[in-house]
Amino acid sequence: MVNGYLATSLQEALEIRAKNAITPYGGGTDLMIEPAENANYLFLSKVPEMKKIVEDTQYIRIGAACTFTDILESELVPAILKEAVAQIAAPAIRNLGTAGGNICNGSAKGDSTLIFFATDAKLRLVSNTGERVIPITDFFLGRKKTSLQADELLVEILMNRTGLSNYYYKKVGARDALAISRVSFAAILNVEGDKIVNCMTAFGAVSDVIIRRADIDVMLAGKTIEEAKAVKQAYLAAYDQAIVPIRGRISAEYRKTVCMNLLRDFLESNGI
Amino acid sequence: MEKISKSAKKKDHDAKISGRALYVDDHVMEGMLHGRLLRSAKAKARIADILVPELPEGYFVVGKSDVTGINQVHIVLDDTPVYAEELVEYVGDPILMVVGPDFKEVERILHEIVVVYEELVPVLDMRKADTVFFNYNYAKGNIDQALEEADRVFIETFQTGYQEQAYLETQGIIAYPHNGRMTVRGSLQCPYYVHGAVAKALGYAGKDVQIIQDVTGGGFGGKEAYPSILAAQTAVAAKKANKPVKVIFDRREDMEFTSKRHPSISTYKVAVKNGEITGMDIDVMFNSGAYTTLSPVVLQRGLICANGVYRIDNLRVAGRAVKTNTVPCGAYRGFGAPQTFFAVEMIMDHIAKELGMDSLELKEKYMVKQGDATSTSGKYHFHVPLPEMIERIDELTAYRAKRKLYQNQTGRYRRGIGLSMFFHGCGFTGSGERDLIKAVAKIRKNADDTVEVLASNSDIGQGLKTTFCKIVADTLGISYDQVYIDNPDTDRVPDSGPTVASRSLMTVGGLLQRAAVKLKKEWKTGEEQVIEEHYVEPDFVIPFSLAEFKGDAYPTYSWSVNAIEVEVDTLTATTKVIGAWGIFDVGVPIDMNIIQGQMQGGFLQGIGYASMEQMDYNDKGMIRNNSFSDYIIPTAVDVPTLVTEIMNNPYTHGPYGAKGAGELPLVGAAPAYVEAMENALGANLNKIPFTTEDTMRILQEVNK
Amino acid sequence: MMIKFILNGQAVTSAAKANERLLDVLRDEFRLTGVKCGCKEGECGACSVILDGRLVNTCMVAMGSIEGSTVMTIEGYRETERFAVLDKAYAAVSAVQCGFCIPGMMLASECILANNPNPTEAQIRTGISGNLCRCTGYNAIVEAIAIAAKEGRGLW
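Chains as they are written, first to last, in my numbering: chain A, 1 to 272; chain B, 1001 to 1704; chain C, 2001 to 2156.
Some hints here could point you the wrong way.
Straight-line distance between alpha carbons at most 30 Å, and here's what the computed DSS-like set of lysine-lysine pairs gives [as the list claims (entries may be wrong)]: (1) Lys1104/B / Lys2017/C; (2) Lys2150/C / Lys1006/B; (3) Lys232/A / Lys109/A; (4) Lys2088/C / Lys1003/B; (5) Lys1104/B / Lys1273/B; (6) Lys144/A / Lys2017/C; (7) Lys2004/C / Lys52/A; (8) Lys1009/B / Lys2150/C; (9) Lys1379/B / Lys1402/B; (10) Lys1006/B / Lys2088/C; (11) Lys145/A / Lys229/A.
Hints in this document: simulated from the structure, not taken from any laboratory.
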């Protein structure tokens, strides 16, 4: 084909990626909005290594070319991811759009990206010469900039198998479908016995990069609910400082207020 | 239900559902060229120079010097140029068209053309406008005395924003010359409007211009006047090319640069004495944009509706349509009425609160009745069904009980319910039908005894093909299948007037019914017969004088009461519509499904107008919300099942008792929505769209 | 090199480049004008077709990604029994107004019922949430799909 390559294996895809100036193409739902006239696409939807959703001892491994519909139909995918993915755009977009594309376009508005941030997912990046597995937080360098190398492809997203069930999720858009997030928030609180094991939060669509502050969340780790209440104000104050929304169509004040409201509600819904 | 109301299978159902229906972009002609407009990048400037690169063979540029007739588009006044002269007056003002065989190449050339501008200072804010396009004033009674004698005067200002029609099919035209004539076909509502505009731009006699309406994917007023502009531009290009030229707007171009609903600012001064409303002094301003287009008529209707459904004996209404260097605004379903009905419903609401009453209680005291004078000293000649509509709404929604229940809510989710009452004046404002349109409609019986309807009104989704044929078939006593109608072609149909102002069924349907009555009497099997009918103004109408702004602005009115219930999430300030109810009196429905479809569609557009449909321009005069991702209209999950009921109130002078239906359902949704928001938030509100951010601001104020 | 795929049951080839839009190829090369363009940005659903059994917006699909795939447009769907049931249902409630959203809506309707022959109202609304309609307010379309679900027992 002209201006495109259809790979049928990861090996083939990586070879093409290494040798040619191409744009990796997952579902096209982002790339095709304003397609470059002479774009050369590497179509990944037929690469089996990128289309699987499997489980190993540690992780749920989601192929980067899995569509959002694949994710919704998989029994292995945790509920928090399904809830976010179910609210992406509309069925026709979900049938094409991929988790890999959502991450690699570098946007802080990515609805599945938010969940991967909040759950401390890892990314498996592979090239012809090797591979690396990095925390998703390390992948994003700035507004729409990722550390994806010119010869790399994102092959899998690795989510923790456990500790994701007590979650809070809210997407705020302009309407209930076909909406780009104006604010999105995902959080998890793991309590064992009477102690908080860990707290994980992430805020999407408000800044250049999804806001994930494990250093603030750690304030709640190891505490009982009562002890957590005692540090609640300090915790909220720390986020009040950390969340600096960028100006956009929707005002920074609105976004800030919603972030803080949702964060507070997350705590309160857990008794804090 | 009347027999005529029983729903028939729509005449255009089969073609549309199978994908066979051909819209303008689906037509491809031999040798056809593509055109794309080059538009001003400045809100106000003088064009100093235009630098066109060398063009490949077969590609050329069309501009003002190619206009063989007059470089003006005939709408009401003729100030819109076909192609810009020296001055450009808004971002988007068309300067040239690039034409050629390959669309991508046309676009490439377009981006290489350099326009050298001498920038001038634009006026963007309507409050700072220095040019008044139109100015109307009317009064009755003695408002100054009422204001003087009042013990309270309520003064409040209300704002309404743009609304974009967002028809699913964008604007499109094909023009092709042949044998000294020019044929123009496309997505349009008013073939004869386009006919006049094209003839003027080309300098052709009327007989040398042919306009054909293609299957049209929605109009809502957005294709009432705008196609005249595009048609003139494309016809000029086709004449220069001596080949067919097709221009189809892409969505961004359509959203940014075609006509929209006029934003408005209205200030109401309401005199109250001893707890009674004694007078209203109303000032209305509409933002016309850069050219006049339809602003005079939109303003007229807005002013006529300024005091709503209320009997106000001491009244003064002053209105201006002002020029700004922004996109010219035009027709959109409701045509000026949604703006002022919003304002008057809200001020009644606010006054009621101050007087310690629920808004419905106050409104009921002043609702007009049959026999009362209208705002312009005409008369409500027919029954006004508001009281029974209110009772029905209360039955359906428990409105009165909920209003009380929803006061002083705490908690994360807060509900509210609001109600509005309004009318839509049926048909063209004033004496336009009689003096300007002078509609003529025909039916022709063929030798095989099938009957063709010949009228210039266009089916743009509202089911005219079906309803016109039903009227004729039922009157003649023949099968619905024996009557047919094609898309109007000015070579074949008389000018029965434009498809606007909710006039088609009532006025043209009436002509067709009369023609059918005549044909039935004179029917000769096996022979071809043509019956022609001309519009006659009903004899009860008190003639309207535009100069005095006095008389019956409309022969009759369609009425409605809406209720909307909302739930606000105070954490996110987002609002869900949890119920929407409308009772509508449009006279006898000519087809129940069609009328219900119109009520539901219009109602949702009105809800969008109130809530999510926000459009503004930046400090350079550019509209920023120029795509479906940025200009937000409701999807199927943003609205519950709309409850719409038709109330039976036949109009004596309409075919089978029908009145104007198309626009009514949009007119009053916004005040019902905003009143519901007020109920939920415990605050007075005065603008639409009332958005999520507006809601958050109120929530934060209330929490301080 | 030609791109091969199955279009409305027929094996076809296209000389289009891999980066061209499926929407443009269907409309311009194959003259399937039942596939409409409403926005070109995946925001309206007017251009929906069924690709390998799933509803997609053809304006979002680059030709190179459909090599070997199966595409069904309204032109193919209208030959089916299921279409006839939906056709009758839409007609019964006069759900077709301007018609521009309708080919996409019909294919979305098919996908709803193919996935779930007995959908709730909420499921129907979600199923058409990517198909904008400006004319109907959605009531009649939702009702039509519900009628088809009832009448078409056994087909889906």
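Practice problem: Could you check the structure against the hints above and give me the numbers of any it violates, in ascending order? | Solution: Going through the list in order, the structure violates hints 5, 9 and 11 and respects the others.
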